[in-house]
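All chains, please: the whole structure from these sequences, using the hints.
Here's the letter readout for the chains.
Protein chains: 4
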Amino acid sequence: MTYLLLTGGRVVNSTGSTNADVLVHAGRIEAIGNLTDLPIVDVERVDCTGRLLLPGGVDVHTHLDSPMMGTTTSDDFASGTRAAACGGTTTLVDFAMQGAGQTLLQSLETHRQKAKGKAVIDYSFHMCVTDLYEGATDEFPEIVSSGVTSFKVFMAYRGTLMLHDGALFDVLRTSSAAGGQVCVHAENGDVIDRLAADLVAAGRTGPGSHEISRPPSTEVEAVRRAIQIARMADSPLYFVHLSTEGAVEAVAEARANDWAIAGETCTHYLTLDRSLYDAPGFDAAKVVLTPPLRTEEHRDALWRGLRAGTLGVVSSDHCPFCLEEKRRLGEHDFRAIPNGGPGVEHRFIVMYAEGVRKGRISLEKFVDLTATAPARQFGLSPAKGAIVQGADADIVVLDPEGSTTISAETQNQRMDYTPYEGWKLPGLIENVYARGELVSESGKYVGAEGRGRFLERSAL
Amino acid sequence: MTYLLLTGGRVVNSTGSTNADVLVHAGRIEAIGNLTDLPIVDVERVDCTGRLLLPGGVDVHTHLDSPMMGTTTSDDFASGTRAAACGGTTTLVDFAMQGAGQTLLQSLETHRQKAKGKAVIDYSFHMCVTDLYEGATDEFPEIVSSGVTSFKVFMAYRGTLMLHDGALFDVLRTSSAAGGQVCVHAENGDVIDRLAADLVAAGRTGPGSHEISRPPSTEVEAVRRAIQIARMADSPLYFVHLSTEGAVEAVAEARANDWAIAGETCTHYLTLDRSLYDAPGFDAAKVVLTPPLRTEEHRDALWRGLRAGTLGVVSSDHCPFCLEEKRRLGEHDFRAIPNGGPGVEHRFIVMYAEGVRKGRISLEKFVDLTATAPARQFGLSPAKGAIVQGADADIVVLDPEGSTTISAETQNQRMDYTPYEGWKLPGLIENVYARGELVSESGKYVGAEGRGRFLERSAL
Amino acid sequence: MTYLLLTGGRVVNSTGSTNADVLVHAGRIEAIGNLTDLPIVDVERVDCTGRLLLPGGVDVHTHLDSPMMGTTTSDDFASGTRAAACGGTTTLVDFAMQGAGQTLLQSLETHRQKAKGKAVIDYSFHMCVTDLYEGATDEFPEIVSSGVTSFKVFMAYRGTLMLHDGALFDVLRTSSAAGGQVCVHAENGDVIDRLAADLVAAGRTGPGSHEISRPPSTEVEAVRRAIQIARMADSPLYFVHLSTEGAVEAVAEARANDWAIAGETCTHYLTLDRSLYDAPGFDAAKVVLTPPLRTEEHRDALWRGLRAGTLGVVSSDHCPFCLEEKRRLGEHDFRAIPNGGPGVEHRFIVMYAEGVRKGRISLEKFVDLTATAPARQFGLSPAKGAIVQGADADIVVLDPEGSTTISAETQNQRMDYTPYEGWKLPGLIENVYARGELVSESGKYVGAEGRGRFLERSAL
Amino acid sequence: MTYLLLTGGRVVNSTGSTNADVLVHAGRIEAIGNLTDLPIVDVERVDCTGRLLLPGGVDVHTHLDSPMMGTTTSDDFASGTRAAACGGTTTLVDFAMQGAGQTLLQSLETHRQKAKGKAVIDYSFHMCVTDLYEGATDEFPEIVSSGVTSFKVFMAYRGTLMLHDGALFDVLRTSSAAGGQVCVHAENGDVIDRLAADLVAAGRTGPGSHEISRPPSTEVEAVRRAIQIARMADSPLYFVHLSTEGAVEAVAEARANDWAIAGETCTHYLTLDRSLYDAPGFDAAKVVLTPPLRTEEHRDALWRGLRAGTLGVVSSDHCPFCLEEKRRLGEHDFRAIPNGGPGVEHRFIVMYAEGVRKGRISLEKFVDLTATAPARQFGLSPAKGAIVQGADADIVVLDPEGSTTISAETQNQRMDYTPYEGWKLPGLIENVYARGELVSESGKYVGAEGRGRFLERSAL
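Chains as they are written, first to last, in the working numbering: chain A, -3 to 456; chain B, -3 to 456; chain C, -3 to 456; chain D, -3 to 456.
What the hints contain is simulated information worked out from the structure, not anything from laboratory work. It should be emphasised that the depicted structure is a prediction, and the values quoted were computed from it without experimental measurement. One should not assume that every hint holds.
Claimed, not checked - List time: in silico SDA-like cross-link candidates among lysine to any residue, alpha-carbon distance up to 25 Å:
#1 C:420 <-> C:397
#2 D:354 <-> C:254
#3 D:354 <-> C:173
#4 C:354 <-> D:303
#5 A:354 <-> B:173
#6 B:354 <-> A:253
#7 C:361 <-> D:360
#8 A:361 <-> B:378
#9 B:361 <-> B:213
#10 C:361 <-> D:303
#11 A:354 <-> B:378
#12 C:361 <-> D:258
#13 A:354 <-> B:256
#14 A:361 <-> B:456
#15 B:361 <-> A:360
#16 C:361 <-> D:354
#17 C:114 <-> C:131
#18 C:354 <-> C:304
Said to hold, decoys possible - Computed list of chain C residues with no C-beta within reach of chain B, every gap over 12 Å:
#19 -2
#20 68
#21 420
Stated by the list, open to error - Reference excerpt, derived from the structure (chain C facing chain B, CB under 10 Å, subset only):
#22 164
#23 216
#24 221
Note that CB positions come from ideal geometry on N, CA and C, so glycine has one too.
This is the structure:
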């Protein structure tokens, strides 16, 4: 068929909702309105009565096929993007890690090859900078002009990933001059290393110590510092995975001054409690994420931050390591447990259920946080993030009357656990369209293999 | 014709812009998309190539046919709404002032009668509460359920308009319980009265003293106080006509906490400088507005506040008094000069020119500030404020290549001056559609008389 | 004897402590040092080995023989000052309330007559301004030049004591111009009146409702407002009886800007918990004080505020009403219970025990808060507040090894209760010297009657 | 003579002033009071009528005989302490720099030997930690117990002096556990290095570039970071040489929370303007100090900070390098100019003249800032910093009617310039007593050689 017409649904965008039909043609949205009576020919009509039509999710923080802490994340671009699609996410921005002995451009090419022909949804990369070798910044303009318009740096993990303040400053201003922006992992790694060493010295080597070694203040200090350095460099800054009340306050102050500071949090910081670190045995390793889960006080602040617009994006920080792999590497020293967990598949439905259905955010805000805002933040709009004429027809058909049960057994992520095990949530993601193609039906992937495309993103 | 099809224009909404056709039917927007090839019959096609299609302006702060300071504003609902329509504004929310010896409900009815059959665009009212007589709050539920879902109070003008903090508290919590919100004029009137009396005692009776008697701190104090009182009353609050950096800071702090505090500023605070008070003779009376115009430092803070989202709405505070009337009443004592000036006609084009064309805000932000946000803030969406399927077809066709010159001689406002006299601005408002009807062409009203409707607004 | 020599004690001043002898002559301190070997003749030597020699307490907030809320405080200047002296306080600043139909000067004279010949320690007054009649401010210069260099105003109690913001502004700037300062009772009385009326309407008429009607925010708002108004008036301000964390924060911010803002708290806010309002029957009336007692969180903030220097003075707010009198007036409506409680007798020892002995403040800080700082704040130094050469010989000899038990039965205050009933505290006030005369021995008054003098205080 | 009696002067302490005689015996203050009539035998009486008797200055920030930036400071302990004494300063705390290949304890001993037999006034050291070698922190307890109870670290000068955040954290908590405190040089050196490299790359190699490479934000960021790290380490912190408004604000916030954060500024930041960097030729090198001089806005904030108590100490940061030496090393690259200038001789009189005589601070505050507070901050009281019984008789006799003219030609500092050249100031330092010995008369050293003693300072 030439045309696809989704009829009778409720179209939800970040700014409002309306009952309307959506006409799709050649992978894009052709029109929105009362279209059922129009004499369109060669059209497949899909009745969406009672359904929400939502922009396909945009997840700007995933780590697929990624070398990290002595191992590699368990999902590659095939399995990871399938999980994403089944979970209502139709666009990813992953990280191109810097390879040992590789230039940035070589590292980027390496990651592009990893995704090519494997990804089933559209994707892009942030360019990670973990070793600012002589000449590294000279490559920034070429990277940006290739459509990779954001960089990522770490303020923690001295010796492997961390850049010192001077290198951060260099990355910020060079990136900014090239039209890019910088994503920052903000934790004071040096203090954390000492707190962690103390714990190990005291024999507290189990996974629960991970949390204790990274108290909220280690995040807050780094956030405030990075804001100041961004100001000195006159550059925009995007904080990944914020987890604390103090960080929200710092970002709010900066934004109130109209500084170009943005902040993201992740599904798990909004929904999971630190008490998971008290689990017996090695189970706490499931939530050895960085930064760690926090108390309710912080979660409340994060939700407030989302509502107030201080935090604009919710990502998954999908960084999956099987529990067995975590055990193998870090059973005797929590510092060696690979940091991360799964999330790309369930971000969308968990945010819908815990956010919208629990009354914490409106449906429109949900759309903004999971699709519209991340697309705009990272130069993916107008193609991605909204159901508007001209955009890619990435559409999630959600049945608010249905329900979803999360389980490791049935998930598409290549993981042996999920922190949401057994959660039964209101809402069912039925059809997922990616560029007008039906790719998923009720959690099963039905699309073609390797259909995803690399997205060249806009510069600032 | 049954259908109107605006073709080839660039549709601008607060969240993005797209080249699309807009199909209008029965006063509403029927569809948006690539519609030119569809075989629609009985359609009038209007070529909008090269034009911006913008949501009709929503001005939530006007005073038409309004008794104030011993006189009445110079525009009634006929002249004022014509001026609005010619200036691209298709919805007003005016103020129903409390009449002497009248109940609130009676006062509201009085104002509804003033507008009925005269207004040419759709309108609503805020219910002013200037005398909280015994039983006044009992009328709030009926007022709200009649579609007047906002109240207005003054923290200045002791003896005429001002409510003391206890009455403010009462209005806040009663309004909130009824589903309404409260608009506050925030100035510490008691301190101002003393500063003004000092000036008069010192022989400084001219219009320039108006500014000196109302320093920025008199606004900032009242804003901070009102925020605290709103918190005690657990009620939402909307600040009208904020003019100072300190007020922006106070509102930003409150919003960062996710408190239901909103703020508006006005065209003139964004574009006119306090040096106008230094004008010779009685000319400074033209800008005897309350609060007064401020310095560049404050204007910069207001623009920052708009960009940062601290301030969400730009209104005109159209409160017109001819200069001759100002002179008649206040030539010998600036305190008797009626406070206010014109603005409803030029808000839209001045904001477009000074905001968008000078690079201070994006086109989308402009739409948000002048239409989308005020409509949403005051319960007028989804009918008003956006070009989306299902909304009223209130559309401004603006030619960015055209230009506009402002002059008292040619304006539609019933006024003998405009503070923007002689300003030549980029951009020309060509056609203005209100509920699908063409009401204005290049600054001339071409619509029917008295076609405006009273809008019942949503409660919170 | 011509000379008195206190030997072997440890002299404590706000800036340091030293083992030294103190030579007293003609009511004043003649010398401090190693004086035992000097051949002084006609000297009475008092061995103070093992004792602390502390500056006599200065309590700048008492209400003796004071008309209030339909009754009169239970202590007059005879009984109240005896209690003070026995408790280690040798100087009071009381309040001259404005009498009905009296000018300020007349009211001041009335209060001076109440004290004359009755007070046994030196005293002064703050001039209360509760009705700013026409011409009232004209009397300020004469009041200040008579040595009454501070005024007191209320932001609560509409209809009896409260001044509105404009009158507050007038008092501030007139006082400041005359060289005086203004003490402010900062609570938003208008909001409180409404909360209280609600409670009564809901049948919650018991004394415990007092606390609920005066939540922390009613203090914080008023404190912030008063600071702003003082800034507009360019005048110094002193907050009496601060009780909340928010107030401490507000004052800290102001002081960090070097604004002339000072703050006091009282013994009971530092030591008593709000749970006393949960007492059965009418017992909660004992702590119907204004503002009310708060939670531990606020107490911690007050102690922090003292240590940080944000709050500089601890007073008693001695405003005694017998429980029977409270019952008589307010048994059926908590709003009619006279607000206040006893404290002048126990401020010194409670602060020593709860502050110094519990490690919250140093001995030097204790001296500062109870004597040095209040004396300096209110123009009583160098005569009062420190053990330095030339100062009045107001000296408390405290045995740190002794102990004190507080009881209504044994107290000197003319009261039928004390909120510290049964408290056994470390430290015993042995001898108290006032201008070199021994006036109290271990809690018994041994001095002459009516020996106190009116103190003319310095202007700013 | 066994006794010295200074008669008729005005004794000034930080808490008040009084006309009194001061009796000195065996190097200490024996008594203060009206002592002229007492029959003391074997006494030398010195008439101090009309003079101020001030506590001898305590300067806690000097660099004598100190290796730095490839050279050594121009004053050794003989010349430097003579200059101090002549300028009214009777106690120094210098820095024991860490020597190449030396342990901390060895470095400390090296510096003690430098001072021994040369210093003419009493002195102590801060232990600098610039290389936190394995085991360094193990020496802290011994260092502290030897009376060196403060450490110094740098957040700037990567490669030579700078410690990274983790090392700072280690120093803080180890020092704190041992009863010591940490002095921090707070500048973001990494950002500064980049800004400086840019300037050099742009050919801007002259001394004026020094200022540009160290903008205020580089200090403010480091101050805020250090406060946070001190909180994580639960340790006290003392900021040396603060120069900016933002730093004052950060310290004020911390202190308002009762955190153990203290701040010092220096004479030159209070009195010299950044315009000195615009001097022609190489003259700007005279004020190549770190941090650099700032604008009036910052100076005003520093004075406010002193008055408000945010900053408690004024030191000289005496770090003298002759202009010729500066030229030799840094003529072609401002980065090589040794950072520092003279000051120990003129701190006292400049602060008296610019502070007290210009009405910015009271005489008592002057005493506090230059003597009492630094002595207390660094464990030197009660022996040093106040004229009280039992203290060392370190007394400055100042004639307020006299005057002082500063000139390189006449100064005692071993320097070829002074930034205060030609300043004529009110006030003349006549006699200076150090432990009861007359060491200086009107700017000429008259005491014995090498009479200074090493002071063992108290732990916290």
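Each hint, compared with the structure:
1. For the hint pairing residue 420 of chain C with residue 397 of chain C, the CA-to-CA distance comes to about 13 Å; that is within 25 Å, so the pair holds.
2. Proposed proximity of residue 354 of chain D and residue 254 of chain C is supported: the alpha carbons are some 17 Å apart, at most 25 Å.
3. With a C-alpha separation of about 22 Å, the suggested pair residue 354 of chain D and residue 173 of chain C falls inside the 25 Å cut-off, and the hint holds.
4. Between residue 354 of chain C and residue 303 of chain D the alpha-carbon distance is near 30 Å, which puts this suggested pair outside the 25 Å criterion.
5. Of the supplied pair hints, the one linking residue 354 of chain A and residue 173 of chain B holds, its CA atoms being roughly 22 Å apart against a limit of 25 Å.
6. Restraint check for residue 354 of chain B and residue 253 of chain A: satisfied, since their Cα atoms lie roughly 20 Å apart, inside the 25 Å limit.
7. Restraint check for residue 361 of chain C and residue 360 of chain D: the C-alpha separation of about 18 Å stays at or below 25 Å, so the hint holds.
8. For the given pair, residue 361 of chain A sits about 16 Å from residue 378 of chain B by alpha-carbon distance, which is consistent with the 25 Å threshold.
9. In summary, the hint linking residue 361 of chain B to residue 213 of chain B is not supported, as the alpha carbons are separated by about 29 Å, beyond the 25 Å threshold.
10. Annotation: proposed proximity of residue 361 of chain C to residue 303 of chain D holds, straight-line Cα distance about 19 Å (limit 25 Å).
11. Taken as a hint, the residue 354 of chain A and residue 378 of chain B pair is honoured in the structure, with Cα atoms around 24 Å apart against an allowance of 25 Å.
12. Pair hint residue 361 of chain C plus residue 258 of chain D holds up; C-alpha atoms about 18 Å apart against a cutoff of 25 Å.
13. With a C-alpha separation of about 19 Å, the suggested pair residue 354 of chain A and residue 256 of chain B falls inside the 25 Å cut-off, and the hint holds.
14. Between residue 361 of chain A and residue 456 of chain B, the direct Cα distance comes to roughly 17 Å. Compliance with the 25 Å bound is thereby established for this hinted pair.
15. This hinted pair checks out: residue 361 of chain B and residue 360 of chain A have alpha carbons roughly 18 Å apart, not beyond 25 Å.
16. This hinted pair does not check out: residue 361 of chain C and residue 354 of chain D have alpha carbons roughly 30 Å apart, beyond 25 Å.
17. With a C-alpha separation of about 32 Å, the suggested pair residue 114 of chain C and residue 131 of chain C falls outside the 25 Å cut-off, and the hint is violated.
18. In summary, the hint linking residue 354 of chain C to residue 304 of chain C is supported, as the alpha carbons are separated by about 17 Å, within the 25 Å threshold.
19. Distance check for residue -2 of chain C against chain B: the nearest CB is about 57 Å away, which clears 12 Å, and the non-interface claim stands.
20. Distance check on residue 68 of chain C: its Cβ is at least 29 Å (rounded) from any Cβ of chain B, clearing the 12 Å threshold; non-interface status holds.
21. Consistency note on residue 420 of chain C: stated as away from chain B, and its beta-carbon is indeed over 12 Å from all of that chain's, at 41 Å minimum.
22. Hint status for residue 164 of chain C relative to chain B: holds, with the closest Cβ pair at about 8 Å, below 10 Å.
23. Proximity of residue 216 of chain C to chain B holds as hinted, the smallest CB-CB distance being about 7 Å (cut-off 10 Å).
24. A cut of 10 Å between beta carbons decides the hint on residue 221 of chain C: the least distance to chain B is about 5 Å, and the hint holds.
This entry does not satisfy hints 4, 9, 16, 17, going by the numbered hints stated previously.
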